[in-house]
Amino acid sequence: MTALAPAAAIHIADLHKSFGRTRALDGLDLAVAPGEVHGFLGPNGAGKSTTIRVLLGLLRADRGAVRLLGKDPWHDAVELHRRIAYVPGDVTLWRNLSGGEVIDLYGRLRGGLDGARRAQLLERFELDPTKKGRTYSKGNRQKVALVAAFASDVDLLILDEPTSGLDPLMEEVFQECVMEERDRGRTVLLSSHLLSEVEALCDRVSIIRKGRTVESGSLAELRHLTRTSVSAELAGPPNGLSRLPGVHDLDVQDRRVRLQVDTDKLDAVLRSLTESGVRSLTSTPPTLEELFLRHYQDDMAGTGAGGRPAAADANAAAEPSGAEGGVTSR
Amino acid sequence: MTAVAAAPAGRRGSRDLAGTGALLRLALRRDRLMIPLWVLLLGLTVAGLSGTLEALYDTAAERAELGRSMNANASMRALYGPVFGDSIGGLVAWRMAGFGAVLAAVMSLLIVIRHTREEEETGRQELLSAAMVGRRAPISAALLTAFLANAALALVIAAGLAKSGQPVAGSLALGLAIGGCGMFFAGVATIAAQLTESARLAKGLTGAVVGLAFVLRAAGDAATDDGSSPLTWISPVGWCQHVRAYAGERWWVLLLFAAGAAVAGGVGYALTARRDMGMSFLPARPGPARAPASLNGAFGLAWRLQRTTLLGWAAGFAVAGGVFGGIADGASDMVGDNEQTRRILERMGGTQALTDTFLATMVGMLGMVAAVYAAGAVLRLRGEETGERAEPVLAGAVGRLRWAASHLVIAFLGSVVVMAVGGVGLAVGYGSAVGDLDGRRFGAVVGAALAQIPAIWVLAGLATLLFGSLPKLATAAWGLVGASLALGWIGPALDLPQWAMDLSPFSHLPKLPGGEVTATPFLWLLLIAALSTAVGLVGLRRRDMG
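As they're listed, the protein sequences go chains A and B.
full-length UniProt numbering puts the first sequence at residues 1 to 330.
full-length UniProt numbering puts the second sequence at residues 1 to 546.
In isolation and in its complexed conformation, chain A is listed as follows (with noise of 0.2 Å):
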């Protein structure tokens, strides 16, 4: 976490809410640079939509730091949302209002609207605008809001699971879409569950879990804190290998081993590997969902395994036999 410029888009620090007894928001941090397509991922009920009401000035934050375009969005509201455009995940409509007409009425009630790109992107979505209401199916209703979005005339898109029910060539037509608004020098605050369309778009992203930022950065920053799978068979008797810092899962019968071990700490376990003679070298290198799901998943990210390198040296090195859970050494 980087520090904060102080023309960050979106700078929430320490952002606290409740409803009652439950405790939506958490001491949530979050930094979005001008210009950059930052993704906003968590499991469902982490928190996310009321982080993004809360930046849509629609809840109050009960305590923290929340800036806007560098303004408040509880006092500024009005003043910011002329250059915001909004996409929740589930557009309702107005029964006797044509898609046509809430695009326009959107338009106006944001910086204005591009007649010109509202025709093209009607036309790319494959969208008619003279349908009413309910007589749109899902993926229509989002498409109506997403034209409205990319028509407008803002500053800061902020989509919170735009493209649910959208179909896989939509799907295409929306990154394109976004890429466009990235070139345009627009800022993007793009709230998925899909992994794909995170990775294609997104220069940084922020995984939230129960009201926390548990992890931001850029993606490759983010792979770096992945595991690596290796499996090897030796020459000799592996060495000294559940002594290794960042070293998991680590499974040893006679010459074959098999480990994870974290991508940052890969050097010293294949040097230790080599002392002992390597026939055959199997390296898996991290992927994505790995990363996402170790964060989704309850029940992993309290026990530190592996989440924060810095917590897992600390643990290294207080216990060097590997007191981290999952270490079955012969």
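Hints should not be assumed to be uniformly reliable.
Here are the simulated lysine to aspartate or glutamate pairs, EDC-like style, with alpha carbons at most 16 Å apart [to be verified]:
1) K138/A - E126/B
2) K138/A - E126/A
3) K138/A - E385/B
Per the computed footprint, the stretches of chain A lying under chain B, defined by three or more beta-carbons under 8 Å from a beta-carbon of chain B, are [claimed, not checked]:
4) 58-69
5) 73-79
6) 130-137
7) 262-268
Worth flagging that the hints you see were computed from the coordinates, not collected in a lab.
We put the CB at the ideal spot given by N, CA and C, even for glycine.
Got chain A; can you put chain B on it based on the hints?
Chain B alone, transformed into the frame defined by chain A:
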């Protein structure tokens, strides 16, 4: 539009009703508060009236005198119908048959639409119907729920009146008549639910039929003093009186309810299996590809959303005003043949005063009903909020105050429009009946209608207060409106103490036309309306949305 593509008529039978039991239990579970509240409040109000009337008119002579004077007065007949029997029970039936019938109808239409069209509109029905639920199960469950509610209502009324010493036969007749009227309109509601895709419109359509039934009966009873007008026989609200509880019960009239409910429900049954889920027989037409210039922000949107409702109310008030105005002159017509009633009328201030009293009563009734419009228009805000349609609007460059104001302006000015139209209808109806519409009289009647506005605004202001400060309790605004209506309609008969009557904002208004006007009550009411609106808006600014 393939909305009403004919379903294969051959596949019927018991599968159509599969899941009715489960849906019925679901409906009863969801209505576990609403139905008991309606049944107990309405049932005990009717049943409790006998004790009050007994205390007020304890001799047979007094009751006979009341019956005679009421039957002689066209305005009173229009309001309550004729007095058929001057026993205590007979007076309860006179006072309550129409009132109870209308409220039972409202309860029933709310129940039926809630479990049919509203379920489809919200998309919940789709999930249910994907399970082992037959095509006609939802409508069956809704009708059964309405039946149970009306049966309970009939039972509470009958048992309550019998327990307070009224003849059992009459008590049963009155209970069954009111419950029967509820079932009739439950049937009508099943048809309305097929006609439109909007639950709101379906409720409005059924409500309009209820209103029409009341107006027909009122017009018929104003014209004749023995209930013989064919207009009262067209109206199910009139049937309720024709049962003549405690006055030689005519049990066969109850068959009209049974037959009417069966026919209406049958039409609903036939229609429901012939259409697609979520679709209607009046399908949505395509709209324009571009928004008109008028849809230019919060105000344009609010107007677009509310204009149809306002138009409907204005049209209804024009008709009701015209009809009531047309019968206002009836009071003086009826006097001639009966020396005793002529004396009563003269004691009450002569025919002009009597016409004024009638017009004032009508104006007051229009005012209380207009409060229903005003509260509904204010509560649109809450509907937009909970329906998640407010969120994207507020995510635009629209402040909360501006968004709220856009709907409130329509609620407050809309009630002025509705009352003005009602007043003009009343004046024109009266003028054309007496064949002379002079400007002064016209101004007095329209002015009287407009004088109701401060009281309407108080209720609209309180609705705003609830919405802004206690959003979860916003629907309690309906309770306030209902309480004002009940106080105004039956409060005088219950001889409630003045402080209780004064709880309704309408009781502070002078009786116009004809009464004395002072500025004080108007200023107080306007102040309360302004304050509660302001407090509501401050609350709205501070609270979380959604």
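Cross-check of the supplied hints:
1. Restraint check for K138/A and E126/B: the C-alpha separation of about 14 Å stays at or below 16 Å, so the hint holds.
2. Annotation: proposed proximity of K138/A to E126/A holds, straight-line Cα distance about 14 Å (limit 16 Å).
3. Using a Cα cut-off of 16 Å, the hinted pair K138/A and E385/B is violated, with the two alpha carbons roughly 20 Å apart.
4. With a cut-off of 8 Å between beta carbons, the region 58-69 of chain A has 3 residues touching chain B; three or more are needed, and the interface restraint holds.
5. Residues of the region 73-79 of chain A lying with their CB closer than 8 Å to a CB of chain B number 3, which satisfies the three-residue condition for coverage.
6. Evaluation of the coverage hint for the region 130-137 of chain A: fulfilled, as 6 residues show C-beta separations to chain B shorter than 8 Å, against a requirement of three.
7. For the region 262-268 of chain A, the assignment as covered by chain B is violated, since 0 residues bring a beta-carbon within under 8 Å of that chain's beta-carbons and 3 are needed.
Checked against the numbered hints above, the structure violates hints 3 and 7; every other hint is satisfied.
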